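In case you want the letters, here they are:
4 protein chains.
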Amino acid sequence: MFRPVCTRAARQLTSSTSRAAVQQQQRRHASTPAAFDWKDPLGASNLYTEDELAIAETAESYCQERMLPRVLDAYRDEHYDPKILEEMGELGLLGATIKGYGCAGVSSVASGLITRAVERVDSGYRSGMSVQSSLAMGGIEEFGTEELKERLLPKLASGKSIGCFGLTEPNHGSDPGSMETVAKPHPSKKGYYSLSGSKTWITNSPIADVLLVWAKLESTGKIRGFVVERELCPPGTLETPAIKNKNGLRASLTGMIQMDECPVPEGNMFPEVEGLRGPFSCLNSARYGIAWGTMGALEDAIARAREYALERKQFKGNPIAKYQLVQKKLADATTDAAYGILAAYQVGRLKDEGKAAPEMISMIKRQNCDRALINTRNLQEIFGGNAVSDEYHIGRHVANLFVTQTYEGQSDIHSLILGRAITGLQAFV
Amino acid sequence: MFRPVCTRAARQLTSSTSRAAVQQQQRRHASTPAAFDWKDPLGASNLYTEDELAIAETAESYCQERMLPRVLDAYRDEHYDPKILEEMGELGLLGATIKGYGCAGVSSVASGLITRAVERVDSGYRSGMSVQSSLAMGGIEEFGTEELKERLLPKLASGKSIGCFGLTEPNHGSDPGSMETVAKPHPSKKGYYSLSGSKTWITNSPIADVLLVWAKLESTGKIRGFVVERELCPPGTLETPAIKNKNGLRASLTGMIQMDECPVPEGNMFPEVEGLRGPFSCLNSARYGIAWGTMGALEDAIARAREYALERKQFKGNPIAKYQLVQKKLADATTDAAYGILAAYQVGRLKDEGKAAPEMISMIKRQNCDRALINTRNLQEIFGGNAVSDEYHIGRHVANLFVTQTYEGQSDIHSLILGRAITGLQAFV
Amino acid sequence: MFRPVCTRAARQLTSSTSRAAVQQQQRRHASTPAAFDWKDPLGASNLYTEDELAIAETAESYCQERMLPRVLDAYRDEHYDPKILEEMGELGLLGATIKGYGCAGVSSVASGLITRAVERVDSGYRSGMSVQSSLAMGGIEEFGTEELKERLLPKLASGKSIGCFGLTEPNHGSDPGSMETVAKPHPSKKGYYSLSGSKTWITNSPIADVLLVWAKLESTGKIRGFVVERELCPPGTLETPAIKNKNGLRASLTGMIQMDECPVPEGNMFPEVEGLRGPFSCLNSARYGIAWGTMGALEDAIARAREYALERKQFKGNPIAKYQLVQKKLADATTDAAYGILAAYQVGRLKDEGKAAPEMISMIKRQNCDRALINTRNLQEIFGGNAVSDEYHIGRHVANLFVTQTYEGQSDIHSLILGRAITGLQAFV
Amino acid sequence: MFRPVCTRAARQLTSSTSRAAVQQQQRRHASTPAAFDWKDPLGASNLYTEDELAIAETAESYCQERMLPRVLDAYRDEHYDPKILEEMGELGLLGATIKGYGCAGVSSVASGLITRAVERVDSGYRSGMSVQSSLAMGGIEEFGTEELKERLLPKLASGKSIGCFGLTEPNHGSDPGSMETVAKPHPSKKGYYSLSGSKTWITNSPIADVLLVWAKLESTGKIRGFVVERELCPPGTLETPAIKNKNGLRASLTGMIQMDECPVPEGNMFPEVEGLRGPFSCLNSARYGIAWGTMGALEDAIARAREYALERKQFKGNPIAKYQLVQKKLADATTDAAYGILAAYQVGRLKDEGKAAPEMISMIKRQNCDRALINTRNLQEIFGGNAVSDEYHIGRHVANLFVTQTYEGQSDIHSLILGRAITGLQAFV
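Chains as they are written, first to last, in full-length UniProt numbering: chain C, 1 to 429; chain E, 1 to 429; chain P, 1 to 429; chain A, 1 to 429.
Derived from the structure by calculation, the hints contain no laboratory data.
The structure presented is a predicted model; accordingly, all values stated were derived computationally and were not measured.
Heads up, some of the hints might be wrong.
Straight-line Cα separation of at most 25 Å, DSS-like style, residue types lysine-lysine; simulated pairs [unchecked claim]: (1) A:K355 <-> P:K216; (2) C:K189 <-> C:K99; (3) P:K155 <-> P:K99; (4) P:K316 <-> C:K316; (5) P:K155 <-> E:K355; (6) A:K316 <-> P:K222; (7) P:K222 <-> P:K190; (8) A:K149 <-> A:K83; (9) A:K316 <-> E:K316; (10) A:K99 <-> A:K316; (11) P:K355 <-> E:K39; (12) E:K313 <-> C:K222; (13) E:K160 <-> E:K184; (14) E:K160 <-> E:K189; (15) C:K313 <-> E:K222; (16) C:K149 <-> C:K99; (17) P:K39 <-> P:K99; (18) C:K244 <-> E:K244; (19) A:K316 <-> P:K216; (20) A:K99 <-> A:K155; (21) A:K313 <-> C:K355; (22) A:K155 <-> P:K313; (23) C:K149 <-> C:K189; (24) P:K222 <-> A:K39; (25) E:K189 <-> C:K216; (26) P:K190 <-> P:K83; (27) P:K190 <-> P:K244; (28) A:K160 <-> A:K149; (29) E:K149 <-> E:K39; (30) C:K316 <-> E:K39; (31) C:K316 <-> E:K216; (32) C:K189 <-> C:K216; (33) P:K316 <-> A:K222; (34) E:K216 <-> C:K313.
Examples of chain C residues lying across from chain P (beta carbon under 8 Å, computed) [as the list claims (entries may be wrong)]: (35) H172; (36) L310; (37) K313.
Even for Gly, the Cβ is constructed at its ideal location relative to N, Cα and C.
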């Protein structure tokens, strides 16, 4: 139905894709140069390559046609359909920037456009994909042995195997350096490490086959990365209970990782990387994706608020879109979306040139999450009392975006990371 | 267990009440005049009468001991336990400012303190009570015939009969003057009106026995108030389906009122009041209550955020309460709570003196909802990723408070009401 | 011309006072209980005693009739007319809460109303008065010997002698405990201390006769208070150069205090108070006054913005007061002014009952300065390009209010003071 | 001394330029790809051509070395030195995007970089240049006859002739379509129009030689553009009094244009353009420049605040740059500066490709002015009481930036322009 992005052919697909997405694309290419398009207010589409536009089109079509119809029920029931990852895998959307190992090898900007398409539907769906792509696959690709890559990446790329990333612990959120999970030579199984400890708020953990877990190697006290394969874990050594009753990201699956002398082959430890550099590098890629994704959620909120404001009539039959107070909210949100896209684009290009400093990613992760959240909250007001009904989708975006602001570096933490880079002084207490 | 507030004796109760509430009270009365109490930062407790303090104590004890344990499940399942109204009725908390008819006849400030105690637990619980007290009972008391009052108020005061208030229609939220529900002489039942039309977002409607419904009298085109008694309605003339899948106020019950030639006795029409003056007067009382209630929710958010910040340790074992960025959020929230309480108090006193202009109530409803929402959102950031778990309660307050900002006059609408009062010009488009 | 507030007779004055002020007063007393008055939105005038209302009337009349006409030139030229203090002295407005010593002995609320009247004209004029009343006179009254009080307070109360308060040093703004000014026994003059050091940002210093200076007593290392009388200082021991080219508070006089072995009689050292308790107690009173004063400036900004918006017509001849975006700014500002007044009032009453914690004053100083500044900036936008002309007064208020936010405890510092009181943890780095 | 930007040679200049600017440049080119530079947080310098970088360097050097030393006195005395325009003319900085007529013919991005360099020193200096370049020269270039261009543009490009732009009238700020200035055939001078009417808030008008004035042609009621040459105006027909006592942009010269039957040759009327399209096209270019310029002012504020925070020590000798509350202000400001630059860059490139919609320019003008203002105000707080001294420059930026927010489309007006483009509905009352 959808063509994978890893072939150039993707951009020829037409009849099978969403008509709306195609038309939007055509409008972008139309020859009225000085026309303003509220969906692309600062003309970012001029910056993408044809490949990138084709990839975006595939991703948008899939998300609007296949994901969107599932999201309300998923959110209500806190249910995540793992088939989604398989579908994405078929289209080449997983680990898309990785070259080889069955991955598409696209640009960072293309990867950002995919992420935006997914989060336009739901931040939880995007979280599931980010973890698979940036954290699990990205980590293995960057730090794993060739054996691990060849064995695990193709399965993960197809979405038939599911990955997760275990860094955060119950008592150590913003400060992973204090982690308590420990790895030591396994007391009984030769050639294995034994891992013990707890991780929490781990997206995908309850259904993950491949768990990238960070632990302190007892002998050195240094943090190392371990690829835990569920099928190799004897009963009782690995539990991944789900965390339920969340008030955001309910369409993604979140859980814990509890390891009790869990045996992991020595070859599954990342050979070189030590300390926080490893997990931070993975997080960097994920954060880059969040900067794109949250713009998608904001854009969806804008489109829905605009449509509601045009249809909702009050006081003498005027659509409320005619209210100054409503127009200001739309103008503010549209501006922040346009700015956020340009910033994410710029960092994407620099990333591929090896020029993206981690603080750049802190900056766009923080700002885009913050502005997406603030504006979506403002737009929510346009819906008045109706906002409380989940069928308008706006409340879901608001609840989701709050979570994006807190995970992978809470907004204040990133402001201190930036503050340190600006002043040379650290202000973590 | 709890003593009703309508007897003076209430303030002597001790052993059976919450220890915490009593201790808090004692601290307030202690003779360290210049000590700062973050729970009462500007010393508002100095302003209450002894009766009012006793009533507040009863209400707080009941809410903390009996309501709080139920709220998580109620919110998860969108379930409202109607027994709560009965329990409140036993304590004299319903329609508490009404004199006679089995009501407590307390001051507006005392009523505000009750409201604050309930919303400290949950805005949905407070909504259920507000509708019963201010909208249904208040409307009947202000505009109903003596016969209606004597017949209905005692049952409503006991909580054994449940009331609701039908003003908003699907297409007319901020602009009730355009309502489409119509009343005309019943075609077949003599001495009856026939009501047809739809109301939506009606708290309590699915379980209401007494529905105060506003409709346009066909013969005059003027809005009139009708007391619809469910037990008098033949099958098929009154339906009150619940609205589910809400993303806020899930512990309250919300529904529609659908009337199809529903017969209502002529004596159940309010005899005198015509036009929007009737519903607006009821709303005024409810809005006054919201100004108090939201401060309760905000205070609970402060207490929970403070406790979390003191217990949560990051970076070298420091509690995050030591962070400047955390302290600022707490300082901001505490300030707005203190200011909001003083303003609500002032309007309460003026209300009992007949000096409270409706715009005063617009002002405190708008400001207290806005500030409660903004600050609770800021406090939510303190919880980081943990905020997503409903067991920290903060996400629930945030979601609820957004709804309070939109109902009974969305914030922007109140700003235009104030703007009109300030400038003499109306800016509703 | 104006009657002094220290006699009860003040409230009978009529013919000689500002007509506008009197009318405003009458409107307040009128018997239309439920009317909304944008100048007193939450009916605070119901809370004042008749004495307080009379004092406010006197102060408002004087300020509007005598001060206002001078302020534009004063601000342009950075010129402060010391006659203003004399005029205020004649009316009993200086050190007004002090009992005896030629002072009026009014309530803290009355004093707040005076402050508000003065700052309604200009924050710089209010600063000049605050320093005289709260810092210089208040300090001497609270900590000075009876001899000092009897000798200095009457002259200061009359405004014929001018006081200032030297605490802040060039390198120690928010942290006065690190001050470097030192006092030691005078090497040559027996019975005298010798003071050396520099103070900066000292309102009134260039024209002050009586300089209350805080210095570390060399022998103990403890901070002590000294009353430096300019006429007793030999040439070269005391210089008080003015600081010019300020971008705010230009109608007040600011300078340094430079002391080089300046001799001060031993009896001029405050006998008991040691450490920061002394200056902080004085600052507390001044901060309390600022909380009232800034509300006056905000109220003036509201009145001017409202008038401008009603007169300024754009787009088909509509006054811009009809714009939703303009009305929202007015509604926000009016709300914050109303809330701020109630909070200042409450702390005033508690102050007279000995129940005002210092943190309460931090709270109202901070919040009222912040909200006055934010709202005045928003109101400034209503004036569009015309705001740049000083004849609209709004730019002056904005510039002044920024300074009030920074002095006597910058806003962030007060948030940390509050944060410490709320959490029990200090976050000053 | 400085080399003109119109020759490629500009980028070779070294010894004579500011060492700091050169070093900054070198740092940008250095091969540490992933280093974060707080002065260019998102690596925008990667986007400029070598020509553009060279032009920026020339402009920055000139501004820092020659303009900056003059600004304090200019601002204090409301004095504008017209020699500045001559100096800029010598360097090719005036009308720099115009091709031919003695102009440099650089890209829109290069022009933006010049504007940023100037406003880094002072928004008033930038205003003087913007009016000369975008409004007067730009208008003549776009709409004037070839004769006018050849005669006037070279003189204006050299800065020896000074231009201004007369659109705004005393009663018509945001709504120029209602202008009252009128043009009709001159009653006595054949071949001349006669212009009568008043313009106000006209930058440069008191010293302008060439006044581009918009007036309604009486015969058609349509707005037309007229080039008024002062030397051709008989005494009494043209007055251009200065407006003094401004509280912002004091280093620029502002005045009125008063015309009383002022004769203008028929050939000085723009031949084709009618209605608001003419002035709006000029304003569009000016607004584009403001979007760049305000980022310069913000960047200067960041640099000064950062330096102050690193040098200012409080509480145990810690630089206040270590405060979380200070770091957050710096992080916020730096982020908005980085985002604003990228947005201005994007619109600049689209402008040169003919793809820049006017609403894009509304968006970046509004957002960059708003964010520059908000952040500069926040940074001002870092300076505490010292901010009041003009030697720290921060107060000047704050006062200037407020004016930039109001002129050439006040922020709210631009939000309604955007709102109209987003919704298709106009909300101007």
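Here's how the hints hold up against the structure:
{"no.": "1", "hint": "A:K355 <-> P:K216", "verdict": "violated (68 Å)"}
{"no.": "2", "hint": "C:K189 <-> C:K99", "verdict": "violated (35 Å)"}
{"no.": "3", "hint": "P:K155 <-> P:K99", "verdict": "holds (15 Å)"}
{"no.": "4", "hint": "P:K316 <-> C:K316", "verdict": "holds (21 Å)"}
{"no.": "5", "hint": "P:K155 <-> E:K355", "verdict": "violated (45 Å)"}
{"no.": "6", "hint": "A:K316 <-> P:K222", "verdict": "holds (17 Å)"}
{"no.": "7", "hint": "P:K222 <-> P:K190", "verdict": "holds (21 Å)"}
{"no.": "8", "hint": "A:K149 <-> A:K83", "verdict": "holds (23 Å)"}
{"no.": "9", "hint": "A:K316 <-> E:K316", "verdict": "holds (21 Å)"}
{"no.": "10", "hint": "A:K99 <-> A:K316", "verdict": "violated (59 Å)"}
{"no.": "11", "hint": "P:K355 <-> E:K39", "verdict": "holds (15 Å)"}
{"no.": "12", "hint": "E:K313 <-> C:K222", "verdict": "holds (22 Å)"}
{"no.": "13", "hint": "E:K160 <-> E:K184", "verdict": "violated (31 Å)"}
{"no.": "14", "hint": "E:K160 <-> E:K189", "verdict": "violated (29 Å)"}
{"no.": "15", "hint": "C:K313 <-> E:K222", "verdict": "holds (22 Å)"}
{"no.": "16", "hint": "C:K149 <-> C:K99", "verdict": "holds (11 Å)"}
{"no.": "17", "hint": "P:K39 <-> P:K99", "verdict": "violated (32 Å)"}
{"no.": "18", "hint": "C:K244 <-> E:K244", "verdict": "holds (20 Å)"}
{"no.": "19", "hint": "A:K316 <-> P:K216", "verdict": "holds (17 Å)"}
{"no.": "20", "hint": "A:K99 <-> A:K155", "verdict": "holds (15 Å)"}
{"no.": "21", "hint": "A:K313 <-> C:K355", "verdict": "violated (35 Å)"}
{"no.": "22", "hint": "A:K155 <-> P:K313", "verdict": "violated (39 Å)"}
{"no.": "23", "hint": "C:K149 <-> C:K189", "verdict": "holds (24 Å)"}
{"no.": "24", "hint": "P:K222 <-> A:K39", "verdict": "violated (45 Å)"}
{"no.": "25", "hint": "E:K189 <-> C:K216", "verdict": "violated (82 Å)"}
{"no.": "26", "hint": "P:K190 <-> P:K83", "verdict": "violated (37 Å)"}
{"no.": "27", "hint": "P:K190 <-> P:K244", "verdict": "violated (38 Å)"}
{"no.": "28", "hint": "A:K160 <-> A:K149", "verdict": "holds (15 Å)"}
{"no.": "29", "hint": "E:K149 <-> E:K39", "verdict": "violated (39 Å)"}
{"no.": "30", "hint": "C:K316 <-> E:K39", "verdict": "violated (46 Å)"}
{"no.": "31", "hint": "C:K316 <-> E:K216", "verdict": "holds (17 Å)"}
{"no.": "32", "hint": "C:K189 <-> C:K216", "verdict": "holds (19 Å)"}
{"no.": "33", "hint": "P:K316 <-> A:K222", "verdict": "holds (17 Å)"}
{"no.": "34", "hint": "E:K216 <-> C:K313", "verdict": "holds (20 Å)"}
{"no.": "35", "hint": "H172", "verdict": "violated (20 Å)"}
{"no.": "36", "hint": "L310", "verdict": "violated (18 Å)"}
{"no.": "37", "hint": "K313", "verdict": "violated (17 Å)"}
The structure is inconsistent with the numbered hints 1, 2, 5, 10, 13, 14, 17, 21, 22, 24, 25, 26, 27, 29, 30, 35, 36 and 37, although it conforms to all the rest.
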